[in-house]
Amino acid sequence: MLLINCPYCGPRPEAEFANGGQAHIARPADPMSLTDDEWAAYLYMRDNTKGLHHERWRHANGCGRFFNASRDTTTDVIKRTYRMGERPEAEHQGAKP
Amino acid sequence: MTDTYRVRRGDGAESRNAVHFTFEGKSYQGLAGDTLASALIANGVHLVGRSFKYHRPRGFVSAGSEEPNALVGVGATQSRYTPNLLATQVEIYEGLVAESQNRWPSLETDAGFLNEYFSAFLPAGFYYKTFMWPRMAWKKLYEPVIRRMAGLGRAPAEPDADRYTQVFAHCDVLIVGAGPAGLAAALEASNSDATVILCDEQAEMGGSLLSDRSASIDGMQAADWARAALDELRKRPNVKLMSRTTAFGWYPHNFVGLNERVTDHLANPAANQPRERLWQVRAKEVVLAAGAIERPLVFTDNDRPGIMLADAARTYVNRYGVVPGKQVVVFTACDSAYRAALDLKAAGAKIQVIVDLRKSASGHWVDKARAEGIKVRSDSIVRGTSGRLRVKSAQISNAQGGDAETVACDLILMSAGFTPSVHLFSQSRGKLSYSEELRAYVPGESVERERSVGACKGLFALDSVIESGAKGGRDAAAKAGFPPRGERSYTVSARSVGADAFIGSVMADHQAEKRAWVDFQNDVTAKDVRLATREGFRSIEHVKRYTTTGMATDQGKLSNMNALGVVSKQIDVAVPKVGLTTFRPPYTPTTFGSFAGQSRGDLFDPVRKTSIHPWAEAQGAQFEDVGVWKRAWYFPQVGEDMHAAVARECKATRESVGIFDASTLGKIEIVGKDAAEFMNRMYTNAWTKLEPGRLRYGVMLREDGFIMDDGVVGRMATDRFHVTTTTGGAARVLSMMEDYLQTEWPDLEVWLTSTTEQWSVIALQGPNARRVLEPLVEGIDLSADAMPHMSVRQGRICGVPTRLFRVSFTGELGFEVNVPAGYGRAVWEAIFAAGKSYGITPYGTETMHVLRAEKGYIIVGQETDGTVTPDDAGLGWAVGKAKRDFVGKRSLSRPALVREDRKQLVGLLTTDPKAVLEEGAQIVLDPTHPIPVPMIGHVTSAYWSATLNRSIALALVRGGRSRMGEELSIPMPDGVIKAKVVDSILFDPKGERLNA
Ligand SMILES: [Zn+2]
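Chains A and B, in that order, give the protein sequences. So that you can map any letter, position 38 of the first sequence is 38 in our numbering, and since no number is skipped, the others follow by simple counting. So the mapping is simple: our numbering equals the position in the second sequence, first residue as 1, plus 97.
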């Protein structure tokens, strides 16, 4: 069981959290102006990273807040957790504002 | 019987009490502190089991948790019977009852032994090759026979009477293993403010020190030093000592599973004690001091009772005071067996000969053996043994072959060196590296916050083991933030036994390897492993699966390195290239009870009940599970089945008034100055113009455009919405709302609060609903003009504050009374009493389903399956076309979602009005079409409608709305059912009743 450092509560066991998929994929401001392909890319296309991956977690059985975590998918080591709206320290391919 | 092999009353043995137990129905006497193994050996018993495949007689190989043979069932009653325990770990107590396994009719005469005479026909892969065909024969013929012949233990016939608990723990330093390295680590790490847990799988802590009569530390005999160290640790408040506690698994981020056996060793455990505790320990730093396991040598007939590991025999003599045999042949590839031989000799055993595999044997231990008059033969092997139920002799020859000499014996000791126990390290994803010198894998780079010390790191000399443990303990405490207050020094006096080692088979003649066992528990020989390589399996993972070597309950603790050695030699590839099988938890078998903990019976899964539940229960309601809720399903009266009850409930509701507990509906209070804007973005509907005091049916989509949830929403004030969701969807909806609010629109001033459990909801439906409610309500005008359909008022009912909805999920005049949950049952009973004169009838979820289906109202999850759009479900009217954006809007114009042949919701009326369709049944145009028949839809809901006196159904059908009046076919096992496509609203299409 991972130990996840909620930026609001501190380190808590994984059982208190829900994973929310890849981070830094902002919902387009005006979806109706997007082509079908652009919209499909937003909806369905995600990185399948080997290595450092920025992902969303929600402290679902705790404070309820969403935040981001940079986790190495090969070792499960979580390098850092940070609040929504903050930038990841190490950029990687595919990270979007 | 007397314990004739009890040779020395060991430390404190004078005060060890006699303990009586039975094995295989015979009574024996042992001493307190004995394991079942040491007590049986004291009585001269070595035959303890039959092997898995060939049913060969087997005895003790080891003295610890690596034991492959001595599996026993323990327990005097079925409810406290545990199969597959290791006799080397079971502690005896007064009255213990144990039996051997996998034998019939008895341990001495076992019918399965016949397997051995057919062993030529049972090579590796035999099951795969033989039982593939014919397929039916596997199930009917082979499997039952094989299961009977090859089972390990038998499952107890009664439920487990014991209790198991689970505990979470946190510590700064966890030390696994309390041998010399672990003790030194604990002494150093706890010389600080760090909290330290030291655990060990054995009853007594001290590990190898307890079996060591030649070494001394700080001027004390090794075992005395261990006891002194433990006394010191026990006095430190920051140390927790846990014996009988196995660290069985490593999970990410220094999370280690410990299984503590609390009562198994007690004759009369206290009633409040659990049998086992599962400790889930999160440690800042871990010290692995797991020790090493001695390896057997692979030679012909190396599996007879009386053939055991040399160091195990040393443990039996030095620690338990029993000698496993009196006429001993030693076969070794290293010095440690000499040490064992000398200890056995000191205890009175006769050492016939030491057979040394090495070309030349020399050094301290060899010299010492020779000086004591023991015959040593170097460059030699034991190449065969005799004796059916106990070894009788060894055949000894030069390593390369030649004439054999037969030496009589009742015990053969073997040692091929030691394999470091790297299991937990490997489970932590640490990388292993192969040591040519040790012929073993040792820990390399760590991934987690741990370090290996002592023998599990490949260190075998006592002084370096202690030094490594001490260093590891200091390092762990410092890294956890608690630098130790100093270092202590240890004066170790011990002669090293070196690190010589051997892996693989010692036999030069491959023909003789058919009875040279590599894996005792799964009955795999060197010949089997060679056969696998000849058949093309080169990776150890493949060899393992083909031969099953290492796949028994001991997970190859003794056999893996020897199997690797055989493969490596056979295909002439270096050991690291052959690979290593993956180490997986648990380290030793762990009970299901431990993992289940308290989650049994009523505590297995949470159950949610409404405040009205007890009333429904008292009325004899049948319940169904909806999510984790228990919901009243129907209320049968005497003599009624479900069909009759539902028909009566439907009729009463349509004709007068019915009452229904809708409290399980999800509820979310949405508050804030941007609440309406938030609703606009989350739901398909337009909310801006909805006035306070009005209700609206809301549809929520996922971003991909498919229906996620629905529910009635009340605007309580300009900045406040009372949102309802489906019973099962409440948590999901709130989570999605939070997701958008927190991550996409943090600028919106909105607060979301789950109020599902705060409100009881009583639905009152039927033409008399208003008449029943009116006298109970204060401050609300219920008249049709003042309170039209789809409105909400606040006031009081029976003196209790209420949010009163005028809403209908039945098509009748209806109200939903929301009251604080604590008043739910009282208000329910008051309404029920007031309705008596109208024949008020409680109804359950089944009647609710029928009534809404007659009206064509969908249920999310029944009419929808995650691929249904609002238009598909006939809810196009609920989509705010003028809105610029809402979750899912963009997807609704994707090409696949606007196709005209999408499945659309329609009603189905069977040609035979008595035929009720089956939910989920497929719909076709032409049932005579050759298979595969194109399917154009499926039935989503189907009921008997008492109101319409015929069967009704809802269905999703391709282009359904353009098929009105068309006849479709529903093929069923008993024949094809015909049905006509109709509008989904089957009753009161104009809605006159609900607007009454
Ligand atoms: Zn939190």
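Hints are not guaranteed to be accurate.
Stated by the list, open to error - Keeping only pairs whose Cα atoms sit at most 30 Å apart, straight-line, the calculated DSS-like set for lysine-lysine is:
id, chain 1, residue 1, chain 2, residue 2
1, A, Lys79, B, Lys748
2, A, Lys50, B, Lys381
3, A, Lys50, B, Lys332
4, B, Lys337, B, Lys568
Claimed, not checked - Every beta carbon over 10 Å from chain A, so not counted as near; a handful from chain B, in silico:
id, residue
5, Gly122
6, Asp321
7, Arg697
8, Thr1044
Because the hints were derived from the structure by calculation, they are not lab data. No residue lacks a Cβ here, since even glycine has one placed at the ideal position from N, Cα and C.
Do the hints match the structure? See the list:
Simply put, A/Lys79 and B/Lys748 have alpha-carbon atoms about 64 Å apart, too far for the 30 Å limit, and the pair is violated. Between A/Lys50 and B/Lys381, the direct Cα distance comes to roughly 26 Å. Compliance with the 30 Å bound is thereby established for this hinted pair. Straight-line distance between C-alpha atoms of A/Lys50 and B/Lys332 comes to about 48 Å, which puts the hinted pair past the 30 Å bound. This hinted pair checks out: B/Lys337 and B/Lys568 have alpha carbons roughly 20 Å apart, not beyond 30 Å.
The Cβ of B/Gly122 sits about 45 Å from the closest Cβ of chain A, beyond the 10 Å cut-off, so the non-interface label holds. The claim that B/Asp321 is not at the interface with chain A holds, since no C-beta of that chain comes within 10 Å of its own (minimum 40 Å). Listed as outside the interface, B/Arg697 is consistent with that label: its C-beta sits roughly 20 Å from the nearest C-beta of chain A, beyond the 10 Å cut-off. Every CB of chain A is more than 10 Å from the CB of B/Thr1044 (nearest about 43 Å), matching its label as outside the interface.
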